[in-house]
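Colleague: Here is how the chains run, residue by residue.
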Amino acid sequence: GAGVSQSPSNKVTEKGKDVELRCDPISGHTALYWYRQSLGQGLEFLIYFQGNSAPDKSGLPSDRFSAERTGGSVSTLTIQRTQQEDSAVYLCASSLVAGAQETQYFGPGTRLLVL
Amino acid sequence: LAKTTQPISMDSYEGQEVNITCSHNNIATNDYITWYQQFPSQGPRFIIQGYKTKVTNEVASLFIPADRKSSTLSLPRVSLSDTAVYYCLVGLGPDSNYQLIWGAGTKLIIKP
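In the order they appear, the protein sequences are chains A and B.
Number 115 marks the last residue of the first sequence (my numbering); no jumps.
Number 227 marks the last residue of the second sequence (my numbering); no jumps.
For reference, chain A alone in the conformation it holds in the complex (with noise of 0.2 Å):
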């Protein structure tokens, strides 16, 4: 594909419904990162897949959130019984290998806002 694209690109939900966030990287990219950017904040890095694999959770903020990648394409991230504290803007990057030297591309991101 043309670049990494992301959807819903607003989300607006009530406190305490889930959500979930998709992600379609770079056509042949086979990492997949997830971040969650806070207004006027840097980026808090949540979780990579390498494939349908993710090395490390420990990322995620809480047991509300889960991700799981099929098929080493898309992604998605689900937030469940959603927080206001949750609100922010979701970004996803994907890179051809996982790796330090590895460029990330980002898509535009999910803006969450929970009421």
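Any given hint might turn out to be false.
[What the hints assert, rightly or not] With beta-carbon atoms standing in for the labels, derived distance ranges:
hint, chain 1, residue 1, chain 2, residue 2, range
1, B, 181, A, 99, 38 to 44 Å
2, B, 226, A, 52, 26 to 32 Å
3, A, 84, B, 181, 28 to 34 Å
4, B, 196, A, 103, 18 to 24 Å
5, A, 38, B, 196, 24 to 30 Å
By construction, these hints were calculated from the structure, which means they are not laboratory data.
All of these numbers come straight from a predicted model, not from anything done at the bench.
No residue lacks a Cβ here, since even glycine has one placed at the ideal position from N, Cα and C.
Using the hints, position chain B against chain A.
Modeller: Below, chain B without anything else, positioned relative to chain A:
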């Protein structure tokens, strides 16, 4: 676990050279140092990467001393369009517990 520290903000003027330093005292042997640029309402984009010494590309230079405990991003002759937030990134390997350690970002404002 490596931690990165960078200035919160910097100001400069068009045509000047800007240097932004990031400290990463606990950088692991296998870690690379990468810098990204972020404009409002966009995802970050890659600027430059290095492991040691000096790296230069068409937009920036990256200086890394021998001990690798810091790195300096150098932007030559900045313009108004260089106003953005700049992040340094260290890590992603078994030595870093597979974590990506991002700095908090330096907000660079270029004035006319």
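Colleague: Hint by hint, say whether it matches the structure.
Modeller: Evaluated hints:
no.	hint	verdict
1	B:181 - A:99: 38 to 44 Å	violated, 23 Å
2	B:226 - A:52: 26 to 32 Å	violated, 48 Å
3	A:84 - B:181: 28 to 34 Å	violated, 47 Å
4	B:196 - A:103: 18 to 24 Å	holds, 21 Å
5	A:38 - B:196: 24 to 30 Å	holds, 26 Å
When each numbered hint is compared with the structure, violations occur for hints 1, 2 and 3.
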